[in-house]
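Protein chains: 2
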Amino acid sequence: MKEYTDYLDELLDFLRIPSVSTLPEHGDDMIRAAGWVADAIRKAGIDFVETHVVDGGHPLVFAERIDDPANPTVLLYGHYDVQPVDPLDEWKSPPFSPEIRGGAIYARGSSDDKGQLCTHLFALRELSAKWGDKWPVNIKIIAEGEEEAGGASIEKWAAENHEKLAADFAVISDTAFLKRDTPSIDYGLRGIVYMEIEVTGPGRDLHSGVYGGGVMNPGSALARILDSLIDLETGRVLIPGFYDDVVAITETDRRLAAEVPFEESKFIEQAGAKTCWGESGYSTYERITSRPTLDINGITCGFQGEGAKTVLPRRASAKVSMRIVPNQNPDDIARKFCEHVNAIAPPQVSVAQVTGAPVTVECRKIHAASGVLLNPESPHISAARDVMEEVFGARPVLIRSGASIPIATIFNVELGMDVVFLGFGMPDDALHSPNEKFEIAQFYKGIEAVMKLLERVGKR
Amino acid sequence: MKEYTDYLDELLDFLRIPSVSTLPEHGDDMIRAAGWVADAIRKAGIDFVETHVVDGGHPLVFAERIDDPANPTVLLYGHYDVQPVDPLDEWKSPPFSPEIRGGAIYARGSSDDKGQLCTHLFALRELSAKWGDKWPVNIKIIAEGEEEAGGASIEKWAAENHEKLAADFAVISDTAFLKRDTPSIDYGLRGIVYMEIEVTGPGRDLHSGVYGGGVMNPGSALARILDSLIDLETGRVLIPGFYDDVVAITETDRRLAAEVPFEESKFIEQAGAKTCWGESGYSTYERITSRPTLDINGITCGFQGEGAKTVLPRRASAKVSMRIVPNQNPDDIARKFCEHVNAIAPPQVSVAQVTGAPVTVECRKIHAASGVLLNPESPHISAARDVMEEVFGARPVLIRSGASIPIATIFNVELGMDVVFLGFGMPDDALHSPNEKFEIAQFYKGIEAVMKLLERVGKR
Numbered sequence: 001m002k003e004y005t006d007y008l009d010e011l012l013d014f015l016r017i018p019s020v021s022t023l024p025e026h027g028d029d030m031i032r033a034a035g036w037v038a039d040a041i042r043k044a045g046i047d048f049v050e051t052h053v054v055d056g057g058h059p060l061v062f063a064e065r066i067d068d069p070a071n072p073t074v075l076l077y078g079h080y081d082v083q084p085v086d087p088l089d090e091w092k093s094p095p096f097s098p099e100i101r102g103g104a105i106y107a108r109g110s111s112d113d114k115g116q117l118c119t120h121l122f123a124l125r126e127l128s129a130k131w132g133d134k135w136p137v138n139i140k141i142i143a144e145g146e147e148e149a150g151g152a153s154i155e156k157w158a159a160e161n162h163e164k165l166a167a168d169f170a171v172i173s174d175t176a177f178l179k180r181d182t183p184s185i186d187y188g189l190r191g192i193v194y195m196e197i198e199v200t201g202p203g204r205d206l207h208s209g210v211y212g213g214g215v216m217n218p219g220s221a222l223a224r225i226l227d228s229l230i231d232l233e234t235g236r237v238l239i240p241g242f243y244d245d246v247v248a249i250t251e252t253d254r255r256l257a258a259e260v261p262f263e264e265s266k267f268i269e270q271a272g273a274k275t276c277w278g279e280s281g282y283s284t285y286e287r288i289t290s291r292p293t294l295d296i297n298g299i300t301c302g303f304q305g306e307g308a309k310t311v312l313p314r315r316a317s318a319k320v321s322m323r324i325v326p327n328q329n330p331d332d333i334a335r336k337f338c339e340h341v342n343a344i345a346p347p348q349v350s351v352a353q354v355t356g357a358p359v360t361v362e363c364r365k366i367h368a369a370s371g372v373l374l375n376p377e378s379p380h381i382s383a384a385r386d387v388m389e390e391v392f393g394a395r396p397v398l399i400r401s402g403a404s405i406p407i408a409t410i411f412n413v414e415l416g417m418d419v420v421f422l423g424f425g426m427p428d429d430a431l432h433s434p435n436e437k438f439e440i441a442q443f444y445k446g447i448e449a450v451m452k453l454l455e456r457v458g459k460r
Numbered sequence: 001m002k003e004y005t006d007y008l009d010e011l012l013d014f015l016r017i018p019s020v021s022t023l024p025e026h027g028d029d030m031i032r033a034a035g036w037v038a039d040a041i042r043k044a045g046i047d048f049v050e051t052h053v054v055d056g057g058h059p060l061v062f063a064e065r066i067d068d069p070a071n072p073t074v075l076l077y078g079h080y081d082v083q084p085v086d087p088l089d090e091w092k093s094p095p096f097s098p099e100i101r102g103g104a105i106y107a108r109g110s111s112d113d114k115g116q117l118c119t120h121l122f123a124l125r126e127l128s129a130k131w132g133d134k135w136p137v138n139i140k141i142i143a144e145g146e147e148e149a150g151g152a153s154i155e156k157w158a159a160e161n162h163e164k165l166a167a168d169f170a171v172i173s174d175t176a177f178l179k180r181d182t183p184s185i186d187y188g189l190r191g192i193v194y195m196e197i198e199v200t201g202p203g204r205d206l207h208s209g210v211y212g213g214g215v216m217n218p219g220s221a222l223a224r225i226l227d228s229l230i231d232l233e234t235g236r237v238l239i240p241g242f243y244d245d246v247v248a249i250t251e252t253d254r255r256l257a258a259e260v261p262f263e264e265s266k267f268i269e270q271a272g273a274k275t276c277w278g279e280s281g282y283s284t285y286e287r288i289t290s291r292p293t294l295d296i297n298g299i300t301c302g303f304q305g306e307g308a309k310t311v312l313p314r315r316a317s318a319k320v321s322m323r324i325v326p327n328q329n330p331d332d333i334a335r336k337f338c339e340h341v342n343a344i345a346p347p348q349v350s351v352a353q354v355t356g357a358p359v360t361v362e363c364r365k366i367h368a369a370s371g372v373l374l375n376p377e378s379p380h381i382s383a384a385r386d387v388m389e390e391v392f393g394a395r396p397v398l399i400r401s402g403a404s405i406p407i408a409t410i411f412n413v414e415l416g417m418d419v420v421f422l423g424f425g426m427p428d429d430a431l432h433s434p435n436e437k438f439e440i441a442q443f444y445k446g447i448e449a450v451m452k453l454l455e456r457v458g459k460r
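For the protein sequence lines, the chains are A and B, in the order given. In terms of the numbering used here, the first sequence is residues 1 to 460. In terms of the numbering used here, the second sequence is residues 1 to 460.
None of these hints come from the bench; they were simulated from the model. A few of these clues could be false.
To be verified - Selected chain A positions facing chain B (in silico; Cβ < 10 Å):
hint, residue
1, Thr22
2, Arg42
3, Glu263
4, Tyr285
5, Asp295
6, Gly305
7, Lys309
8, Met322
9, Gly402
Note that CB positions come from ideal geometry on N, CA and C, so glycine has one too.
Can you make the complete structure from the sequences, with help from the hints?
The following block contains the structure:
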């Protein structure tokens, strides 16, 4: 394995920028991270680099090098923003002070997605030296800073810049191997509909002794709503119409799934769970890849410190997201969700002696994206399979993933482009969790794989 | 009205000590606050002052002056600890930098209970000058630092020191007027049973795209439990056996309640609520004073920042407290609560393909105390009514309060002592909430009332 230690040092610098896109206090860090990406692109021999800010969002970095319009064109995508880091006290080393332990880089964003984005940027730098003045492939790059925050900027900008983004296919490196020795290429992704529910009661936190029993508790009202969303016995989402547009699992899905060495015991171990759980009538693999689901991502209400505080809280709120499958419409699902929440909300209930609404319930969409289903036998996916096999010594299995990459929807559904998911993460990289890591061997081999794929395209 | 401006300055100093008993980081502040109380007692001419620390808890301050054992003895009680201050950003002035606005002292603990405790200490200082070397009343004082944190120290110490605490009756100033122009004296208090529920799922916060649908969400399991505790339609607590030992509202209660100028519209306005709500078949006044109830005090789960984070949280927890009425046994209620929670908890449910418990549910008691019911026509309560009428110009109504003062249980039930609640707070003092206040006129008149009550006892 060729080692690219200089590139490793550069990646560590990139990881030191705390580019958390959902937290307003990191605005300047987002600009620094976008600047870092633009510089890295220029160092790869691409001079045309633009930065676009859409509606005050985080910068989009777009770049292109078209030496001959007759050559094939590849669009490379990555994101420079990262997830928040809490709970901070569970990190063994600080999330933005990358530390190398046991051959892996521990830092927020190492695997998702700065490390993987860098495989593209550094592969181009290597190829640039090789190719010289005349590149056999036209390259376009789009890097965004809102992948973890709904991606509003790229969604809007892409809708207005179809021409600029046009390419033969797109390469996205933001996924992981199925298992340590089994590379995998996604041909399907779930979409996401991320909602927030807020229940407001009294004008302030009240003394529960003085007011308890006389005023409705927003926490209880929220519990009622949250308890109405999913059936813990059957694992079914209870929102009326939720499953209306779900496409049944196909024969091709079943055939490809049979090749996937998914181990339920390994899955449970990786989750640190005691057992698996989910929708009746489906295997765990189907549940997490091809079936829609609903999860509470967070709940906030009243006193959260140590010990006891006797408040009747003035508000209670929850973040709830649904993973949707191809053909489910995100706007339709968001609407059905809010309709259901409003139907369950206590104001609709007739309570004795009540003259108005005891609490106010608000339901809003934070972001949403459709799922994606690609042709698993497309020529680009086949080429990627060959290249991955060559570099990693094992032929990738074709899988449907449960995660959501909204940009894939834009590339595939809106721009009609084929998409190749060339992912170098490991299943235990702890994405979105404390102690996220990216293995150095995956980083180096990832650079090789991107190089080989682009060289292969250049030879066509 | 006589003004005690020097005592006001001393009170402001006392309020600057952030003696939050439930937060471990305030340990030193608790010791400072206890020291402040001990000093103030000595300044009142009482030389016998002891400080007791029970099992590493916050100091108890005990003091006594017995000039003639044949004289009547009064036990004065107050607490120097205060509630936590969050949400901090809703305070107009910092909670521990007392500010005087519109004739009131704004600070955490101003009304609950430092300001009221000080009416005792400063009344004694005035009487000491008047009485000279021979006091006509024996005085005992017990001040604790755990009233807002379960009161474990005083509970244990009192159980072992019945003799030391013995008195003709106890005076507790930790309550409020029913209305601005209507002083009130409590003859009943609700008890409290404060519980914590913790649901643990996967070993860490998981990526909801990768694991969602395959692992049970602890937030959903918690929502199910919380939704099973109270019926929002009928306002009834759903824990089996919860109402078994509740004593029905009596004729005396009804007669005294009829004298109480309780205004529902005012109650709603003070709560900042849109409407009242509660148990069917009872008035709001009955619901908040004489009926047991249950409130969610806080919920914590997963991501609570701004925007979106797609985690499947590893844990979800809630603090739930029940206000119980006299004759309900706190230990029995805590046991029934846990039995119910465990019966509702998902592990008991048969889920298809589940081989173990998908989440772990723990239920524990944080603290508990019985309710209290006194004889509303006792001689001490009658004397207190006369004194309050003299000082405040209106005869106090006799009420049952919805709040809990566990020490009253100890004094009345354990030590068999009559108790007088001589409260000087106002109903809009915002106890346990941001912008807690204590009105200066109430402070000055409170000092007068305590003096008059003790003088009257001394003349017997």
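### Query
Going through the earlier hints one by one, which of them does the structure break, listed in rising order?
2 and 3
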